[in-house]
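Here the protein sequences line up with chains W, A, B and L, keeping their order. First residue of the first sequence? That's 1 in this note's numbering, and the numbers climb one at a time after it. First residue of the second sequence? That's 1001 in this note's numbering, and the numbers climb one at a time after it. First residue of the third sequence? That's 2001 in this note's numbering, and the numbers climb one at a time after it. First residue of the fourth sequence? That's 3001 in this note's numbering, and the numbers climb one at a time after it.
Pairs of lysine to any residue residues, derived as SDA-like cross-links and limited to a Cα-Cα distance of at most 20 angstroms, are as follows:
hint	chain 1	residue 1	chain 2	residue 2
1	W	K4	B	R2111
2	B	K2012	L	S3139
3	L	K3089	A	T1212
4	W	K146	W	D79
5	A	K1004	L	G3108
6	B	K2003	B	S2053
7	B	K2012	L	L3131
8	W	K10	B	K2094
Covered, in the sense of this in silico footprint (three residues per stretch, anywhere, with C-beta under 8 angstroms from a C-beta of chain L), are these stretches of chain B:
hint	segment
9	2024 to 2037
10	2163 to 2171
No wet-lab data here; the hints were simulated from the structure. Computed from a predicted structure; not experimentally measured. Yeah, the Cβ is synthetic: ideal placement off N, Cα and C, and Gly gets one too.
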Amino acid sequence: MALKVDYFVKETGRNLFRNPWLTIATVVTVFVAILLVGVSLLVRSGVQNATARWQGGIEFIVFMNPEATPDQIDSVARDLSENPQVETAEFKDKDQSYAEFLELFADTPEFTANITPDVLPTSFNVKPSRVDPELIEGLVLQFAEKPGVREVVAASQAIREIKSLSDGLSTGILAAALLLTLAAVVLIGNTIQTAIFARRREIEVMKLVGATNWFIRVPFMLEGILQGVVGAIAGIGGVYVVNGIVERRVQQADALSLLSSFVIKSEDVFTISIFLLGGGVLMAAIASAIAVTFYVKV
Amino acid sequence: MALKVDYFVKETGRNLFRNPWLTIATVVTVFVAILLVGVSLLVRSGVQNATARWQGGIEFIVFMNPEATPDQIDSVARDLSENPQVETAEFKDKDQSYAEFLELFADTPEFTANITPDVLPTSFNVKPSRVDPELIEGLVLQFAEKPGVREVVAASQAIREIKSLSDGLSTGILAAALLLTLAAVVLIGNTIQTAIFARRREIEVMKLVGATNWFIRVPFMLEGILQGVVGAIAGIGGVYVVNGIVERRVQQADALSLLSSFVIKSEDVFTISIFLLGGGVLMAAIASAIAVTFYVKV
Amino acid sequence: MIKLDKVTKVYKGEVVALRDAEVDIQKGEFVFLVGASGSGKSTMLRLMNKEESPEKGRIWVAGKDIAELSSWKVPYLRRNIGTVFQDFKLLPNKTVQENVAFALEVIGRPRHVIKSQVPAILELVGLAKKLERYPHELSGGEQQRVSIARAFVNRPLILLADEPTGNLDPDTSLGIMKLLDRINRTGTTVVMASHDRGIVDTMRRRVIELDRGVIVRDQARGVYE
Amino acid sequence: MIKLDKVTKVYKGEVVALRDAEVDIQKGEFVFLVGASGSGKSTMLRLMNKEESPEKGRIWVAGKDIAELSSWKVPYLRRNIGTVFQDFKLLPNKTVQENVAFALEVIGRPRHVIKSQVPAILELVGLAKKLERYPHELSGGEQQRVSIARAFVNRPLILLADEPTGNLDPDTSLGIMKLLDRINRTGTTVVMASHDRGIVDTMRRRVIELDRGVIVRDQARGVYE
Ligand SMILES: Nc1ncnc2c1ncn2[C@@H]1O[C@H](COP(=O)(O)OP(=O)(O)OP(=O)(O)O)[C@@H](O)[C@H]1O
Ligand SMILES: Nc1ncnc2c1ncn2[C@@H]1O[C@H](COP(=O)(O)OP(=O)(O)OP(=O)(O)O)[C@@H](O)[C@H]1O
Ligand SMILES: [Mg+2]
Ligand SMILES: [Mg+2]
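If we strip away everything but chain W, and leave its shape as in the complex, we get:
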């Protein structure tokens, strides 16, 4: 077996360098696919961060006084759950509020330094039964009166529109990412089939000399996977570059709260990269396995 590993490594390396155009074609294909998928995911995560507070169809938030008694909170909770015009109401205790607060203001530590969970209000995120300005206004007025309630904040028309827009955008980007992944699989598969096609006579000869199918297949598969890895790494590099450009633009923008909350956390970028690398390699492996099985028959 030691010999075989030797042989496979030698053979794969040789194939890669003997047909530089095919190699470049595959790597470029994978690079483009990975880059596009990566950028789609980045944008998606940025948009989600920017509208995090308004995800899940929340239409208004009932903030309690930080000093509200448990009784007052229970009473509001009961009223909300019994009101037929309210679809869902989700309670956020001090710790949850604090966590959310920290997350929202992660880039301005001077803001978060002096805040402890104690001073934060608890709140209810409320989704009414219908998106109807009048109904929402009625509810806002009604709950603002309750004892222990500090303030009721309704998503303004503008925020609702942005949320709706960004929901559409997210869906669109997800669809695009899926389409691109599919395209990448097709392109990688095709590239490998093309490579095999270009060497079909060689494969023919190998079989006639007594090579088993796997002996012929393995170098092609390794080649595909290696190209996938190189393309994926280049694509991830591209994702980092795009992310850098976006970050610079966001920082340059006037301190408009919405655009500047379009941040992509570096751990998100890392997760996306790992996902892309794994996905790219898996894609390349599957595509080459299919191509190779399809073509290299006795």
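Put chains A, B and L with the ligands on the given structure of chain W with help from the hints.
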């Protein structure tokens, strides 16, 4: 020459069908590239329509009374142009306002039916020297007082944010479209080089039998162009499908003014299609010409 | 060792390349296949290593009915059969040395065996100085000799040689024939298609003559015609 | 017609395939190139149609110094030279008929000429029934005959034939040699590499013998050795 045309047609057709995988690979590549470029352009045009009113960095609009006298209009115009805090001020007469009005409310004819240019106000689209809420507020108050002015409307914070976001989005999408076009050229070029690579021995033989370079090149170029055309047509079909889906989603959305103004006019789709077809074919032709020249040397 | 029982091979449903062929070749025999161009010599050899399958009849090689061999076993059959192809079938991306080594690599021979056997066999066919060349850098006759070396190198039970001297001058041909004879004397069964009258007449071995796919002569110590 | 003046061909800077070759072939001559495998026969033929370029010396074909030919003119040189390649060099994606027709298509012959000449020449080499076959569906000798037909079909001034009977049985070879002879008698200059002693000895034409790249014999009505 009659014979040559014969020969080229025969040869091209044969190549296309003799190497189905290569053909499919190229067509898929072109299809994906064209589809993505097309969708990018569509989104761009939709976003532009949705924020048309606030393009060009206008920060507030001075609406005159429909009955304002020319003198009053001139006076306001002079004040605007002399004010150091105003960068630009663009006058819209009744006809221009009417045209813009018709465009903005194109989908609600019940709204536009009873309006004539006469009843519409003239207006100034003003861009202040800095984007500074206080400065803008001052200007708004100052001009609201002038004789003949009916109302001064400043872009609200939310609109400004949306505009800024959509500017970023437009730039991003344009960059993505450029990247994709580049990728498509690379992929097409590579695919044709691969095709030539797979048939390099045949080309060798053709030359030894006395074929001129052009005799060998033309079928490859025709092949590339034909694949470009098929891929582009499929891509354009894809663009129409995506457009249909978006339209359906927009119509289903709650009548939120912003999202529903995200319309893509069918003449835009048509223009984009023509552009894509021409671009795709040109791209394929250039890519094949380069690939073919590069490879088919004596 | 090789037995054909009423074997008929039809290409594309119309070209009868071989008709009811009956051949029985014993272990250690040396057999010439002769006949005009297109008479079916290569077809018969291709049937023996399962490169083609017959339309009718059965073929036994080394005691096994090769029609019943499952497809993953075919490589193992072929490893017992060395083949010199009429069109050489060298791997264009491998050097002379690697082409020959390939036949040993596929059967998993250890590296030191390959290192010693490959140059030895190439020395034997007179290519000791061209180990690092690629096939397109060789003359026609040299390519043919690489093909011969590859077929020999793993000491197969059976050697099928399709006009192995077609591109060689008389002197080199003689050398190759001596080599084939020596191989044959160590017990290897040799089946060789040839149209070289001189060689067939000198060797005086069993001759099977084909005429448009039909065996018209099977003679123990025959001549070309 | 063809003149080599002190021509030396070195492959890869080290393999001297031809050394100081001096050859002068008149219009209408019939010349055999003989020599051992690897002695430089194919190289000499490849130099004549500018498939290779010499390291030293000059080559005239049909009165022109071919080193001075600009690259776009090379195809026109080759149209005057029919070549039978040692490895046939048929186009795998074209049928027999199309392979032969290709040589006429590249020089822009009208369709009706192609329609009549192609089957005629294929009839002559005995392939009238195999017009629609692809190269891989032919026997070795049949492929060689397609290559011969393609080289003949446009009645070139010069015919270069590299072992054109290497894959043919004696009878078919004889037929081909008769054809070559007939072609030669119509004024075509023929240069043919061969290792077939029988043919060379029977024809009794000019023989040039090569030994490791050096011309060791140039005899008017020579024999193989
Ligand atoms: N794949 C194929 N499809 C159709 N016909 C074929 C195919 N292969 C061979 N033939 C035909 O079968 C017949 C026998 O071919 P074969 O190659 O066995 O001849 P051969 O005796 O080896 O000839 P040669 O001496 O010229 O090599 C020929 O008429 C040939 O045209
Ligand atoms: N492209 C190449 N690169 C390096 N060496 C080459 C190349 N082509 C040929 N040679 C060498 O040049 C020498 C002459 O080759 P050539 O093909 O001319 O021989 P030949 O006389 O035709 O032999 P044969 O009868 O075997 O066909 C040989 O030693 C061969 O190995
Ligand atoms: Mg044969
Ligand atoms: Mg030669």
